[in-house]
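Listed below are the residues making up each chain.
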Amino acid sequence: MRRHKRTWFEHGTVAVLLIFTGCIVALFVATVSYIDAEPMREVLTSHSVRHALFLTVVCSVISTLLSILVAVPSGYALSRQRLRGAMVYDILVDALIVLPVLVIGMSILVFFHQTRALPGVGGFFLWLGNLFIHRVPGIVLAMFFCSASFAVRVMKATFDEMDPRTEHVAMTLGCTRWGAFWRVVLPQARHGLIAAAVLSWARAVGVYGPIMIVAGAVEGKTYVLPSHIFVDITVGRLKAALAISLIMIAMAFIVLLLLKTFSKSSLFGAGGAE
Amino acid sequence: MIHARDIRFEIGDFRLNASLEVGDSEYFVLLGSTGSGKTLFLESICGLHLTEGRILLDGVDVTDVEPGRRGIGYVPQDGALFYHLDVRHNIGFGLRVRGTGNSTREETIRRLARMLQIEKLLDRRIPGLSGGERQRVALARALACEPSVLLLDEPVSALDEFTRDAVCRELVRLQRATGVSVIHVCHSFAEARLVGDRIGVIDQGEMAQVGTPDELEQFPANAYVANLLRLENVFVGSARPANGGAQIEIDGVTLRGPAADGRVEFVVRPWEIRVDNGTGSAANQVSGRIVEYHLAGPLARVRIDRPIPLVATIAREHAESKNLAEGKTATLLFEPEAIHLLQPRTAPAEAGTAR
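Chains as they are written, first to last, in the numbering used here: chain V, 2 to 275; chain F, 1056 to 1410.
These are computed hints drawn from the structure, not numbers from a lab.
Among the hints, erroneous ones may be present.
Here are some chain F residues pointing at chain V (derived, C-beta under 8 Å) [stated by the list, open to error]:
1) V1115
2) G1149
3) V1152
4) R1153
Note that beta-carbon positions come from the ideal geometry of N, C-alpha and C, so glycine has one too.
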């Protein structure tokens, strides 16, 4: 059988892909080759790192769940409803993607400062501020505001790709609008849901600036892995920082591998409908 | 029986304002060009849009009833199947939503699958199915809930020509077998003629004409209907009364036609034109050089382009006996009755809401 002969264009695209993925591999190899066993053992047995790992996983998962809970209805509304001023909603959602995450952290902090003086509701916001500021829930809050918009965008794109007539058919077959959404739209959007969850989780795991602003960076209390890395670098513990980086790299690979295995398709290219 | 009265709906600049009556066990076709409002009308009957007007199904007012409780089966273009379910669960979806027991559901699925010859597909996923198979699954899914009316929105437009005809014939067979009333939306008169007992032509959101396929072809209401039916010999001329009829001038040619005065649009029915090479006579005679001579089965199509472009559809036997050929001169003969006057497009036909 004759083999397909690649054109110069096809060779070119493959070459760019190879260079890019090669750079990624080089980064990981450099990280791994820099670390020896001692700092790795030290990091793995450190109470502070294990606590930070625990907080990172738990807070990022909660933040991801919250993001999905917000992204599904928001994405659906943006995709299907004829909203007056839809562009304004679009801009506001995208603002959290475009803005530097430090600005998001500062805004959260200032929000609680400003609202506590509001007549009537000031007490409630003060209580809310005390719940979040310099405490663990603040980590979730910061992660959520930095990552939810990514999930909203993915869900909107997913719903955009789906044929609204499947909902219409479901309704003529006896479903209410909610029933059609639950039984038809959501199951068909599963790839989009996974992609939204992965994107928002990855963003949540990666942020540390806003977390340090909102929840602080108290060792053993509000340290997450990225803030641990940042603090270790600032005090010159480069090998420890790289060892924690390795843990994060491993986490990312395990999650991506699991999702690839279970979803059996390209996460970010699959869209909503098959 | 379905009776949609004065259905009004506005979306942007488009305004739907139409009525329709479809009898028991009738196969009705809603014909219109793209953007004419036929899908919107169908979706309004389904209850998917909040519209003005009343919708009666078997005499019961269902205007304010939820889509799922109207007793309507809906098959949109390309089926809109549920990709996350296999064929069996697609067909049984409506029954499951209604809480039908497993054994009854399975029995219904098998019966419909047998009827539509898709038994072998029951465990298949949707992505691997062909266009025709998808349509059959969508039909089975709509029929599973035993609707009294089946609404088909361009059910065969995504199929190739061969499959399209086969599926159309199957749709008619199915409709006759189940006795369900059908409203079938399409934009092809050939398709409409193949399946429809009656055809309603919708134009700019209004019903332009309703009639049997023959009625539409013989007496198109206006130029839009004539064009949609792909009728040839549509002309615009100037008429003045003469001898109980009219003399119609077009491009220097005077024709004798039915009574009219002023600017007229009309069609000369190609199948009522005879072709001769000089011996015959009729009230209207137009001679010209044949620019197109095409044999198709028992028919021959003869076209001259001067003094006016005129097409005649005659028996092949007759054409061959006259030794017609491209380049030869022929005389096209027709009586005033072959001319049908068209109404202006802005005034919908009297038969607009008629049954």
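Against the structure, the hints come out as follows:
Interface hint status for F/V1115: violated, as the beta-carbon distance to the closest one in chain V is roughly 17 Å, over 8 Å. Annotation: F/G1149 was flagged as interfacial toward chain V, and the flag holds, the nearest CB pair being 3 Å apart, inside 8 Å. A hinted interface residue such as F/V1152 counts as satisfied when its beta carbon comes closer than 8 Å to some beta carbon of chain V; here the least separation is about 4 Å, so the hint holds. With a cut of 8 Å, the hint placing F/R1153 at the interface with chain V holds, because the nearest CB-to-CB distance is about 5 Å.
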